[in-house]
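A.B. asks: Below are the chains, spelled out letter by letter.
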Amino acid sequence: MEANRVPQADIGSKPNRKTKKRYKQPWILHLMVLPAAIMVFIFSYIPMSGILMAFQDYKPALGFFDSEWVGLKHFRYMWENDYFLQITWNTLFFACSKIIMNLIIPFVFALLLNEVRKIALKRTIQTLVYLPHFLSWVTLSGILIDILAQTGIINQFLVSVFGIKPIFFLGDGSWFRFTIIASDVWKEFGFNTIIFLAALSGINPALYEAAEVDGAGRWKQTMYITIPALIPIGIVIATLALGNVLNANFDQIFNLYSPLIYQQGDIIDTFVYREGLLSGQFSFATAVNLFKSVISLILIVISYRLAYRFAGYRIF
Amino acid sequence: MYHKTMPYRIFSIFNNVLLTILSLLCLLPLYHLLMVSLSASAPANAGLVTFWPIGFTLEAYAKTFVNTNFLSSLWVSIQRTVLGTGLALIVNTIAAYALSKETRVFRARNIYLWYFVITMLFSGGLIPGYILILKLGLMNTLLALILPGLVAVFNIILLLNFFRTVPKDLEEAAFIDGAGHLQTFIKIYLPVSVPVIATVSLFMMVGHWNSYFDGIIYIRDAEKLPLATFMQTIIVQADMSKLDPEVVANLSQRTIRASQIFISALPILLVYPFLQRYFVTGIVVGAVKE
Chain A
4 MEANRVPQAD
14 IGSKPNRKTK
24 KRYKQPWILH
34 LMVLPAAIMV
44 FIFSYIPMSG
54 ILMAFQDYKP
64 ALGFFDSEWV
74 GLKHFRYMWE
84 NDYFLQITWN
94 TLFFACSKII
104 MNLIIPFVFA
114 LLLNEVRKIA
124 LKRTIQTLVY
134 LPHFLSWVTL
144 SGILIDILAQ
154 TGIINQFLVS
164 VFGIKPIFFL
174 GDGSWFRFTI
184 IASDVWKEFG
194 FNTIIFLAAL
204 SGINPALYEA
214 AEVDGAGRWK
224 QTMYITIPAL
234 IPIGIVIATL
244 ALGNVLNANF
254 DQIFNLYSPL
264 IYQQGDIIDT
274 FVYREGLLSG
284 QFSFATAVNL
294 FKSVISLILI
304 VISYRLAYRF
314 AGYRIF
Chain B
1238 MYHKTMPYRI
1248 FSIFNNVLLT
1258 ILSLLCLLPL
1268 YHLLMVSLSA
1278 SAPANAGLVT
1288 FWPIGFTLEA
1298 YAKTFVNTNF
1308 LSSLWVSIQR
1318 TVLGTGLALI
1328 VNTIAAYALS
1338 KETRVFRARN
1348 IYLWYFVITM
1358 LFSGGLIPGY
1368 ILILKLGLMN
1378 TLLALILPGL
1388 VAVFNIILLL
1398 NFFRTVPKDL
1408 EEAAFIDGAG
1418 HLQTFIKIYL
1428 PVSVPVIATV
1438 SLFMMVGHWN
1448 SYFDGIIYIR
1458 DAEKLPLATF
1468 MQTIIVQADM
1478 SKLDPEVVAN
1488 LSQRTIRASQ
1498 IFISALPILL
1508 VYPFLQRYFV
1518 TGIVVGAVKE
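The listed protein sequences correspond, in order, to chains A and B.
To convert a position in the first sequence, counted from 1, into my numbering, add 3.
To convert a position in the second sequence, counted from 1, into my numbering, add 1237.
Hints may contain errors.
Covered stretches of chain A (in silico footprint by chain B; criterion: 3 or more residues with CB under 8 Å from a CB of chain B, positions within the stretch not fixed) [what the hints assert, rightly or not]:
#1 31-39
#2 44-54
#3 119-126
#4 155-167
#5 286-292
If you are wondering where the hints come from, they were derived from the structure by calculation, not from laboratory data.
Ideal Cβ placement from N, Cα and C applies to all residues, glycine included.
Bound-form chain A, shown alone (with noise of 0.2 Å):
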């Protein structure tokens, strides 16, 4: 009898002392983590500290602690700085611009292709629409730069249809603003309806048989079922986005833009791009990038914490 018991114990529903110890180890667990945490300690926190460049007049020759300090000068010249103030709202307007587009288009094409029946052309719309998001803004840009160009193709076809004059869509202020919108919404509209076609799959078909029974049409179903279960994946997009307000995609604008159209194509991260490499004005564009990243900051801990009161959203 005695014998008996310790086995029995031993196969009890709860794990015996050996094995919990072995699902803990935690030192194993800390050793998994420790290669991506070192990494991430040089490549992401080191740099951190030379946000004090901001404050200084860095030197390369002089390095981090012999340079001169100057408090706020950098930051001082860049708001007494008009050309600061048009690139900071030409950021904004190219920002909010494709926020609303790719949230609108995505939403309304997730509608349309939720009434497609056949699943292979579903399938196959849905493929190829993706397939932009994954092409570089470099050959991107060299497509368009080709197919935009004023003998281009695009302008071919206007030409004769239209009968209009050639448009220089990337040498005029105006039309480089459309042109920079309208491709990036053509680039991601597709691969922005992921997340609505995952809320249209998460709706529950009894609703609609209900809605059937009821006299509903298609119409009324996509009003009062559809669209509404659609609403709180939008809101959650719409507020994540806020805190991009102050990126407006440099890749993309970086490979089209121009000296030609500075004045309504330039935004913070290309400004500063040229002015800290190129004519190495390190410890300003420091001072711009640490303006930005403040902003933005406090833009993303304010939109999570909307998202997550609104919509019971976490990142994990």
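Use these hints to put chain B onto chain A, whose structure you have.
C.D. replies: Here is chain B on its own, set in the frame of chain A:
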């Protein structure tokens, strides 16, 4: 049944046509480029090519593939994509595994998570990053292209959210059978996480393949430039100072430029259809929580 009503049928046909046109619009620019690259250079330069090649020839591709600058860049890009993705997958998945444990098991979890997330919210920016690479002596090396982006916090979060959906019973069974964390991770978690790992690998591969900016700022020698940077220099910047005169002479030809753009996009066109079936589940499970 609304499917059978006349207005819905008309709408449905109209809708299918509209969406088909929209999806073709996503492909046409690339297709046009391919046709230009397959045409003889005279009609291409004159802008006569639209949707078929005129004077079909592979000459542009032949010229691209004897160009040493192009080939060395291609090789650099392949190296950085394979090495960068491989290393990043190891580092990020093991970190995500540990971070997917509850605080009860791994007490420091939340501290680590914030430590990582802060870097998503705030960064030193361009100039301090540049100076760091300079001070570490990584300038002009392949490592400068791989190491700074090795840890991708967003991917870690995708992975850890997926790992948390793995049933606890599987894990407990493994522990009772005597496995440690490392074994459980490799034998239980990795096999069931194929969709999310495929998604994350696709993101990483595409990221490395497309990345050009680090090449601009960290690489000085023409033969060490990754392909995306090489393409950026010739197509967009038109800054030929780093390149051979022979390359520069070839650039006036639209067909050659088109063939280079097409080749640089080709690996993505090839890999993407195979991985794309995973990424919808991968992203959705990783990002959206009900």
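A.B. asks: Three or more residues of the segment 155-167 of chain A near chain B by CB distance under 8 Å?
C.D. replies: holds (count 3)
A.B. asks: Counting residues of the segment 44-54 of chain A whose CB is closer than 8 Å to a CB in chain B, do you get three or more?
C.D. replies: With 10 residues close enough to chain B, the hint holds.
A.B. asks: Please verify the coverage claim for the segment 286-292 of chain A: does it have three or more residues whose C-beta sits within 8 Å of some C-beta in chain B?
C.D. replies: Holds, because 3 residues of the segment 286-292 of chain A bring their Cβ atoms closer than 8 Å to Cβ atoms of chain B.
A.B. asks: If you look at each residue in the segment 31-39 of chain A, do at least three have a Cβ nearer than 8 Å to any Cβ of chain B?
C.D. replies: With 7 residues close enough to chain B, the hint holds.
A.B. asks: Taking beta carbons only, do three or more residues of the segment 119-126 of chain A come closer than 8 Å to chain B?
C.D. replies: It holds, with 4 qualifying residues against the three required.
In this structure, every one of the numbered hints holds.
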